[in-house]
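Let chain A serve as the given structure and place chain B on it in line with the hints.
Residue numbers (the numbering used here), protein chains in the order written: chain A, 1 to 140; chain B, 141 to 257.
Please keep in mind that the hints were generated in silico from the structure rather than gathered at the bench.
What you are looking at is a predicted structure, and each value in this text was computed from that prediction instead of being measured.
C-beta: ideal position from N, C-alpha, C; glycine also.
Warning: the hint list may mix true and false statements.
[As the list claims (entries may be wrong)] Simulated crosslink set (SDA-like; lysine to any residue; CA at most 20 angstroms straight-line):
no.: 1; chain 1: A; residue 1: 29; chain 2: A; residue 2: 2
no.: 2; chain 1: A; residue 1: 116; chain 2: B; residue 2: 179
no.: 3; chain 1: B; residue 1: 225; chain 2: A; residue 2: 25
no.: 4; chain 1: B; residue 1: 214; chain 2: A; residue 2: 102
no.: 5; chain 1: B; residue 1: 182; chain 2: A; residue 2: 41
no.: 6; chain 1: B; residue 1: 225; chain 2: A; residue 2: 18
no.: 7; chain 1: A; residue 1: 28; chain 2: B; residue 2: 204
no.: 8; chain 1: B; residue 1: 182; chain 2: A; residue 2: 38
no.: 9; chain 1: A; residue 1: 116; chain 2: A; residue 2: 70
no.: 10; chain 1: A; residue 1: 29; chain 2: B; residue 2: 225
no.: 11; chain 1: A; residue 1: 28; chain 2: B; residue 2: 225
no.: 12; chain 1: A; residue 1: 42; chain 2: B; residue 2: 222
no.: 13; chain 1: B; residue 1: 182; chain 2: A; residue 2: 37
no.: 14; chain 1: A; residue 1: 42; chain 2: B; residue 2: 179
no.: 15; chain 1: A; residue 1: 116; chain 2: A; residue 2: 2
no.: 16; chain 1: B; residue 1: 182; chain 2: A; residue 2: 39
no.: 17; chain 1: B; residue 1: 225; chain 2: A; residue 2: 17
no.: 18; chain 1: A; residue 1: 123; chain 2: A; residue 2: 37
no.: 19; chain 1: B; residue 1: 182; chain 2: A; residue 2: 120
no.: 20; chain 1: A; residue 1: 28; chain 2: B; residue 2: 226
[To be verified] Selected chain B positions facing chain A (Cβ under 7 angstroms, derived; list incomplete):
no.: 21; residue: 163
no.: 22; residue: 173
no.: 23; residue: 175
no.: 24; residue: 176
no.: 25; residue: 178
no.: 26; residue: 179
no.: 27; residue: 193
no.: 28; residue: 194
no.: 29; residue: 202
[To be verified] Beyond 12 angstroms from chain B on every Cβ pair, some chain A residues (computed):
no.: 30; residue: 46
no.: 31; residue: 85
no.: 32; residue: 88
no.: 33; residue: 118
no.: 34; residue: 124
no.: 35; residue: 126
no.: 36; residue: 127
no.: 37; residue: 131
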Amino acid sequence: MSEPIRFHYDVDGENFTSAGEASVAVKKKLRQLGYPPDVIRKVSIAMYEGEINMVIHANGGAADVEVYDDKIVIILADHGPGIPNVELAMQEGYSTARENIRALGFGAGMGLPNMKKYTDDMKIDTEVGVGTTITMTVDL
Amino acid sequence: MKIAEIRDLLRAEVLSGEECLENDVYAACCSDMMSDVLAFVKDQGVLLTGLLNSQVIRTANMMDMVCIVIVRNKVPTEEMIELAKEHGLVLMRSPLRAYEACGVLYYAGLGREGADV
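Same shape as in the complex, but just chain A:
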């Protein structure tokens, strides 16, 4: 298997306006690389949701995308508060986002379930007070 193509982005937790820029950049790159639209859509939506989550809940973090011959892996790592109850967080409609975030159009409790829906595999490593790393895989 050849070396994966890697993209790295720092996600600014201070700025809600710029949230999603990494996902937009990845979408553009995958398009240039000629991947099918449905693959691009899955990767970019899952990553965008994750990026928004990092900005809303974790004061930003790092986003890495690795493109292999047979899969695309998205790794989102933050040093935020961690997720105390992953099972609860995975339920559609459950959200800890504050009212000001809802006013911005997010925090409907669809982020994590949506990330799972759009990817073939999702792993959540989280520790309260330490941070969260989410690894998502889209098969090619």
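Frame of chain A, contents of chain B only:
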């Protein structure tokens, strides 16, 4: 339906993507909750919303939507207009309220294929 027809039906002012007005769209969705747009939109090309921030444009871009209608005569930020231009999206603003705008487009046949009305 051509995007130009949406502009006419909604008496809208086009703020970006003038060159795409002859493109066809087949369905629309209306929401102020971008989370729901990301979760439920499939192939709707048009997003009607009263929400004003740059995530509206990014969400539409992620969902491969091609036209955004800002309702209730709200004025999009410069940043939204610039982002829409960058992504090649049509951005327009209409004096109609969301309910009316949806009704007008639905009545005119947008996204009504197969509906029992």
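Going through the hints against the structure:
A hinted pair counts as satisfied when its Cα atoms are at most 20 angstroms apart, and residue 29 of chain A with residue 2 of chain A qualifies at roughly 19 angstroms. A C-alpha spacing of about 11 angstroms is found between residue 116 of chain A and residue 179 of chain B, which places the hinted pair at or below 20 angstroms, so the restraint holds. Distance restraint check for residue 225 of chain B and residue 25 of chain A: the Cα-Cα separation of roughly 16 angstroms lies within the 20 angstroms cut-off, and the hinted pair is therefore satisfied. Of the supplied pair hints, the one linking residue 214 of chain B and residue 102 of chain A holds, its CA atoms being roughly 19 angstroms apart against a limit of 20 angstroms.
Distance check on the hinted pair: residue 182 of chain B and residue 41 of chain A sit about 11 angstroms apart at the alpha-carbon level, within 20 angstroms; holds. A C-alpha spacing of about 16 angstroms is found between residue 225 of chain B and residue 18 of chain A, which places the hinted pair at or below 20 angstroms, so the restraint holds. Our distance criterion of 20 angstroms between C-alpha atoms is met by residue 28 of chain A and residue 204 of chain B, whose separation comes to about 12 angstroms. For the hint pairing residue 182 of chain B with residue 38 of chain A, the CA-to-CA distance comes to about 11 angstroms; that is within 20 angstroms, so the pair holds.
Distance check on the hinted pair: residue 116 of chain A and residue 70 of chain A sit about 19 angstroms apart at the alpha-carbon level, within 20 angstroms; holds. Of the pairs offered as hints, the one joining residue 29 of chain A and residue 225 of chain B holds, with about 19 angstroms between alpha carbons and a cut-off of 20 angstroms not exceeded. Of the supplied pair hints, the one linking residue 28 of chain A and residue 225 of chain B holds, its CA atoms being roughly 15 angstroms apart against a limit of 20 angstroms. Proximity of residue 42 of chain A to residue 222 of chain B is assessed by CA-CA distance (about 25 angstroms); at most 20 angstroms being required, the pair is judged violated.
In summary, the hint linking residue 182 of chain B to residue 37 of chain A is supported, as the alpha carbons are separated by about 13 angstroms, within the 20 angstroms threshold. Proximity of residue 42 of chain A to residue 179 of chain B is assessed by CA-CA distance (about 11 angstroms); at most 20 angstroms being required, the pair is judged to hold. This hinted pair does not check out: residue 116 of chain A and residue 2 of chain A have alpha carbons roughly 27 angstroms apart, beyond 20 angstroms. A hinted pair counts as satisfied when its Cα atoms are at most 20 angstroms apart, and residue 182 of chain B with residue 39 of chain A qualifies at roughly 14 angstroms.
Using a Cα cut-off of 20 angstroms, the hinted pair residue 225 of chain B and residue 17 of chain A holds, with the two alpha carbons roughly 17 angstroms apart. Distance restraint check for residue 123 of chain A and residue 37 of chain A: the Cα-Cα separation of roughly 24 angstroms exceeds the 20 angstroms cut-off, and the hinted pair is therefore not satisfied. At most 20 angstroms may separate the alpha-carbon atoms for a hinted pair to count; residue 182 of chain B and residue 120 of chain A meet this at roughly 18 angstroms. This hinted pair checks out: residue 28 of chain A and residue 226 of chain B have alpha carbons roughly 12 angstroms apart, not beyond 20 angstroms.
Annotation: interface hint on residue 163 of chain B violated; nearest CB of chain A at approximately 16 angstroms, more than 7 angstroms. Below 7 angstroms, beta-carbon pairs count as interface contacts, and residue 173 of chain B has one with chain A at about 5 angstroms; its hint therefore holds. The beta carbon of residue 175 of chain B is positioned within 7 angstroms of a beta carbon in chain A (closest approach about 3 angstroms), and the interface hint is therefore held. Because the smallest distance between the Cβ of residue 176 of chain B and any Cβ of chain A comes to about 6 angstroms, under 7 angstroms, the interface hint for this residue holds.
Of the supplied interface hints, the one on residue 178 of chain B holds, with its beta-carbon coming within about 6 angstroms of a beta-carbon of chain A, less than 7 angstroms. Hint on residue 179 of chain B holds. Least Cβ distance to chain A is approximately 4 angstroms, under the 7 angstroms limit. With its C-beta approaching chain A no nearer than about 6 angstroms, residue 193 of chain B sits inside the 7 angstroms limit, and its interface hint holds. Taken as an interface hint, residue 194 of chain B checks out: its beta carbon lies about 5 angstroms from the nearest beta carbon of chain A, inside 7 angstroms.
With a cut of 7 angstroms, the hint placing residue 202 of chain B at the interface with chain A holds, because the nearest CB-to-CB distance is about 5 angstroms. The claim that residue 46 of chain A lies off the interface is violated: its Cβ sits roughly 10 angstroms from the closest Cβ of chain B, which falls inside the 12 angstroms cut-off. At roughly 20 angstroms from the closest C-beta of chain B, the C-beta of residue 85 of chain A stays outside 12 angstroms, upholding its exclusion from the interface. Distance check for residue 88 of chain A against chain B: the nearest CB is about 17 angstroms away, which clears 12 angstroms, and the non-interface claim stands.
Residue-level check failed: residue 118 of chain A sits 9 angstroms from the nearest beta carbon of chain B, not beyond 12 angstroms. Under the 12 angstroms C-beta cut-off, the non-interface status given to residue 124 of chain A relative to chain B holds; the minimum distance is some 18 angstroms. Here residue 126 of chain A stays apart from chain B, with its beta-carbon at least about 20 angstroms from theirs, past the 12 angstroms limit. For residue 127 of chain A, the condition that its CB be more than 12 angstroms from all CB atoms of chain B holds, with the nearest at approximately 26 angstroms.
Here residue 131 of chain A stays apart from chain B, with its beta-carbon at least about 23 angstroms from theirs, past the 12 angstroms limit.
Hints 12, 15, 18, 21, 30 and 33 from the list above are not met by this structure, while the remaining hints are.
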